[in-house]
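Protein chains: 2
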Amino acid sequence: MSEKRTEISDIGEFGLIDKINTSTKVRNESTVLGIGDDAALIDLGHSYTAVSTDMLLEGVHFDLSYMPLQHLGYKAVAVNVSDIAAMNAVPTQVTVNIGISNRFSIEAVEVFYQGVHAACENFNVDLVGGDTSSSASGFVISVTAIGAIDKNKIAKRSGAGENDIICVTGDLGGAYLGLQVLEREKQVFLTNPEMQPQLEKYNYIVQRQLKPEARMDIIHELADLSVVPTSMIDISDGLGSELLHLSKASGLGVQIFEDKLPIDKQTYDTGHELGIDATTAALNGGEDYELLFTVSQDDYEKLKLHADIHFIGHMHKESNSSIMQTKGGNTVPVTAQGWNHYKNE
Amino acid sequence: MSEKRTEISDIGEFGLIDKINTSTKVRNESTVLGIGDDAALIDLGHSYTAVSTDMLLEGVHFDLSYMPLQHLGYKAVAVNVSDIAAMNAVPTQVTVNIGISNRFSIEAVEVFYQGVHAACENFNVDLVGGDTSSSASGFVISVTAIGAIDKNKIAKRSGAGENDIICVTGDLGGAYLGLQVLEREKQVFLTNPEMQPQLEKYNYIVQRQLKPEARMDIIHELADLSVVPTSMIDISDGLGSELLHLSKASGLGVQIFEDKLPIDKQTYDTGHELGIDATTAALNGGEDYELLFTVSQDDYEKLKLHADIHFIGHMHKESNSSIMQTKGGNTVPVTAQGWNHYKNE
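Taken in order, these protein sequences are the chains called A and B. Letter 292 of the first sequence, counting from 1, is numbered 292 in the working numbering, and no numbers are missing. Letter 111 of the second sequence, counting from 1, is numbered 1111 in the working numbering, and no numbers are missing.
Check the hints yourself; a few may be wrong.
Unchecked claim - Below, computed lysine-lysine pairings styled on DSSO-like, alpha-carbon distance capped at 27 Å:
1. K1019(B) x K248(A)
2. K1248(B) x K19(A)
3. K1025(B) x K151(A)
Keep in mind that the hints were calculated from the coordinates and are not lab data. Every value quoted in this text rests on a predicted model; they were computed, and no experiment measured them.
Hey, can you work out the whole structure from these sequences and the hints?
As structure tokens, then:
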């Protein structure tokens, strides 16, 4: 390999920050002052400011043996933008802190920031701050996203009403099955390093895991249609867990229908191949970063022809009863079996 | 030890977040929505929003063998509040992300958050978000602070004018020498675990290292005196490095006087004992989190009797010349020799 490798110690922290600064563009008028002072300055006028933050840790949230650094930078921004979207807000700024060990070169950090910048461009947000630290071990990322929202358009978790229709965007379960495929290929590689990964037929679900998108397109379309969701959350831990968050916050029960869950054919087929039920992947897999929201029945007409919004059930008044009607006609409770990183495995 | 120890896996991430939520109070009217939704909501009306973020990593920024977890929680908030103060802004909200390994119990995390809450109370800010993750190794903290500031009261790094007076608050070099004392006692302990640390005579400087304060008192006093600094920065990397930031951003040179540097007697005495020049500690030590700012000569009368603001020099027009006049009457260049975590040691 003759690729250039510059040690971070060669240019120091300030040199590294300079490199990041010079590759940063400003896109929002509200960004009064970006990187380079003690704090960024943001002018949001009369709206509310939404703030969301998330940490991603190597070995817990991502595995660099199959996660390209550029995708990692993209994903770190996208998952925070997704949280801002889930308030029905429009993201405007992000800050990115990273901790990196000596095993990463300047070039590796630059590739990571290429992903950060690509996400900033795609979601129209400004990178306005953050620092870089050395880490004793592993790659650590913490992102904070800031957004603006009209005071009368907020979608909290708590606003769902009785008989409101439960909607999800996109399709579910793919990111989880994509991760299973990547894990399997990694094990094959560890056993026989000459084997090349066979990922072509899993392209869609692998992409769902490695480069998730925040559904800002849906937020803008809802605004165009004058639909304000009565409640909303993004699907990071799995549909089941998120449904229970809406149920608890809104004080209502949930009824969904298994045959209404949007699941891609590649997700089904891969689930079948790996012996994982696609419905289980959709309910518990997580990391799809689709939006789960409720709308008043009055808004159904405006949304019914939208190709990427799916109606999976409704809210009901029995707050202790959150259930799914299966394809076989049975009724099963909705449960939160999302990730629990703290369990000893 | 019969202290209670609850494993984090016993209550899970949601249980841990619930524990943090229920111990969180809201102090600012601008906090419309705090922890518990996808994002916090903040209403800052007509002012600018200042945003600052910092990451603290175990083994790089702190050593848990002498850093009590409660102090760590306090410091993590204080250093971000200090960045907001350095814009002449008033902090209103913070988010706190932590990554923790299995070696920490629920009780340990609660003690950390006691420190977070104590800092929130002291600096009158609201904890509005953040997540907890497991970490493959070590304790990782990332804090983002948000503040508000009148548009005409901002103090950037870039506003200093020719002949403006250079001011620093408090005293310098103590946090660095406190760290040297803690490191020495750690080595003694590792050699002979029966030795108890002898820290009484170093109480002040050890406190400077372990529990630094953000100088919000100064920000409020400057407002009361109707003084808006022409430029400002907080001293995290050392006075020399921060002076050069002001110099570069403002396009002016700096002249300071060694005999004007505020240094506490305990800092002098400990420097003498350890063979470290106190002026060097003040210039390069860092982590004092005092404020360095410039004011117009017209404002000198308003500040001259302030017991905790010290006038150490002035800005001049030769932008390539930043110098210190020593006690011996010599002139030496001001340099940035702050921490470089990336150097292989």
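*When the hints from earlier in the document are held up against this structure, which numbers fail?*
The structure conflicts with no hint, since it agrees with every one listed earlier.
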